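Could you build the full structure based on these sequences and the hints that come with them?
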Amino acid sequence: MSRLLALVTVLAAFLLASVAVAQTSDAIAPLNSGDEPIVVTHHIIQTPDGPLEYEARAGRLPIRVDETGEVHARDFFVAYVVTNRGAHRPVTFAWNGGPTIASVYLHTELLGPRLITPSGFVDNPETLLSKSDLVFYDPVETGFSRVEKPEFAPEFFNMKGDIAEAAEFVRAYRARFHALDRPLFVLGESYGVWRAAAVSETLAKSGVNLSGLILISGGFPSTPETPAFWNAMNVQARTATALHYHRLVPALQRDPSATLKAADVWTKTVYWPALEHPERLSAEDRTKIVRRLAAYTGVRIDQIDAKTMVMNTDAFLKGFYDGDKGRELSDTDTRVFGDEQQSPQRHLYIAQYLRDELNYSTSLNYAGELGYDSDLGYRSLEGGYAPTPGPARRSSGKQWVYNQSPNAAAEGAASRADGEVWHYFNMNPPWAQNAMAAAPDLKVFVALGRYDPTNTCEGEALVIGSLDPAIRARVTVTCYDGGHMMYRDRAQRVKLSEDLRAFVTGAAVSPIRR
Numbered sequence: 006m007s008r009l010l011a012l013v014t015v016l017a018a019f020l021l022a023s024v025a026v027a028q029t030s031d032a033i034a035p036l037n038s039g040d041e042p043i044v045v046t047h048h049i050i051q052t053p054d055g056p057l058e059y060e061a062r063a064g065r066l067p068i069r070v071d072e073t074g075e076v077h078a079r080d081f082f083v084a085y086v087v088t089n090r091g092a093h094r095p096v097t098f099a100w101n102g103g104p105t106i107a108s109v110y111l112h113t114e115l116l117g118p119r120l121i122t123p124s125g126f127v128d129n130p131e132t133l134l135s136k137s138d139l140v141f142y143d144p145v146e147t148g149f150s151r152v153e154k155p156e157f158a159p160e161f162f163n164m165k166g167d168i169a170e171a172a173e174f175v176r177a178y179r180a181r182f183h184a185l186d187r188p189l190f191v192l193g194e195s196y197g198v199w200r201a202a203a204v205s206e207t208l209a210k211s212g213v214n215l216s217g218l219i220l221i222s223g224g225f226p227s228t229p230e231t232p233a234f235w236n237a238m239n240v241q242a243r244t245a246t247a248l249h250y251h252r253l254v255p256a257l258q259r260d261p262s263a264t265l266k267a268a269d270v271w272t273k274t275v276y277w278p279a280l281e282h283p284e285r286l287s288a289e290d291r292t293k294i295v296r297r298l299a300a301y302t303g304v305r306i307d308q309i310d311a312k313t314m315v316m317n318t319d320a321f322l323k324g325f326y327d328g329d330k331g332r333e334l335s336d337t338d339t340r341v342f343g344d345e346q347q348s349p350q351r352h353l354y355i356a357q358y359l360r361d362e363l364n365y366s367t368s369l370n371y372a373g374e375l376g377y378d379s380d381l382g383y384r385s386l387e388g389g390y391a392p393t394p395g396p397a398r399r400s401s402g403k404q405w406v407y408n409q410s411p412n413a414a415a416e417g418a419a420s421r422a423d424g425e426v427w428h429y430f431n432m433n434p435p436w437a438q439n440a441m442a443a444a445p446d447l448k449v450f451v452a453l454g455r456y457d458p459t460n461t462c463e464g465e466a467l468v469i470g471s472l473d474p475a476i477r478a479r480v481t482v483t484c485y486d487g488g489h490m491m492y493r494d495r496a497q498r499v500k501l502s503e504d505l506r507a508f509v510t511g512a513a514v515s516p517i518r519r
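Sequential numbering from 6 applies to the sequence shown in the working numbering.
Treat the hints with caution; some may be incorrect.
[Said to hold, decoys possible] Here are the simulated distance ranges between beta carbons:
1. Arg285 with Arg340: 17 to 23 Å
2. Pro155 with Asp186: 45 to 51 Å
3. His282 with Glu114: 42 to 48 Å
4. Ala288 with Pro155: 57 to 63 Å
5. Pro349 with Asp380: 14 to 20 Å
[Said to hold, decoys possible] Under the rule of at most 25 Å between Cα atoms (straight-line distance), these lysine to any residue pairs were calculated in the SDA-like manner:
6. Lys165 with Glu72
7. Lys165 with Ala414
8. Lys273 with Arg305
These are calculated hints, taken from the structure and not from any lab test. Values in this document were obtained by computation on a predicted structure and should not be read as measured data. Ideal Cβ placement from N, Cα and C applies to all residues, glycine included.
Rendered as structure tokens:
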């Protein structure tokens, strides 16, 4: 009897353990025939505010044509929903940019509950999840998202189609998961800033009372500025870069804060007006300006075009160390040489996180069968099969069309000619202002990096300062001591995370107007 009892006890313990494991992973059944289940796993992390219990949802939502219900794409997402902090929490939709880049950077390096490190994933105590549920969205042909048929691809590979797709995803997710009464935030990085601003306008004009728009490293999409403005507003970041590398003369290097302030004053009072009206300048005036510009940016006088008084961004990055190819400055962080390379091990960790920790490919769905088979390549990290021989594969980025405004084609051509990103800024309609006008509670948070050569802290402050006072009062802009992805500096990541949590807490309102 004692052996039988022991056997029963062991068997019971085994079954209980099996049940416990099974309870950590389940699935949400699809609503419609042909849709895919959503895999759900359960987790807990420790934060300064105490333990945070949450469920992770991973899956694909169909993007349907409204009139027919036909599926044209399936968009992958990972959502984190806290289960021990009460109902009606805010929900933040977040994505990266590119265009055509998955949301993997914001997800794993800043916002999510798990943070990637050189040795794998660790808990992220600063996660925005402590204040808001999170939904990371991958637009079509990024991550596991795909068009349903090849002929549908062109409708998504353009700015207007991209905006429509993202707005529909937000609408569909909120409806699918009964989140229509949750305070709503939209967050984008880089190109994703434009998508976020445009999606916010679309939602606000449909009657949604958004709480917040968070714009990281993409400025404040606004009315166009002149080429003189954008060329002038490069100076302060370049001065900071020159100070970082100790490339200024001793008198300017001695007090970096004073030098930055002096460069800013000179830029706004002398250099910018000169670029706006070069016809008013004598040859002697131009020479003085070029000399002062060289002094503040750490380059030789002969590297600056004597006629235009401008050194374009590509020339600055490549020429800062006199053309030394081993010391070309990164186009995302001027404190880094060359392109920032991602370790294959990092890609492996992320793939394992999606497929194993979130159990996206191994969890059982409601019918006891395997859920969505994610042996698809996660685009941005992994390659996949292309017929060979066959037509050369064109990346979605190369198929992309900017069509958000009538001048998009001309500005795009100008950017390809001189390499300046600011031409793309001038394509954009005033999405954010329109959204703020339609959603009276909407507040905006703008984050920029001091060493980001594609954005400008001082320039964006002027852009925002020129807005209507009623709108300007609802915009916060902060310049962080980092690059385009300022959160790759640990101290800046912690500071940005703190600022985001405070912003969400202060801005959250009901999306349903009473």
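If you test the structure against every hint from before, which numbers come out violated?
1 and 2
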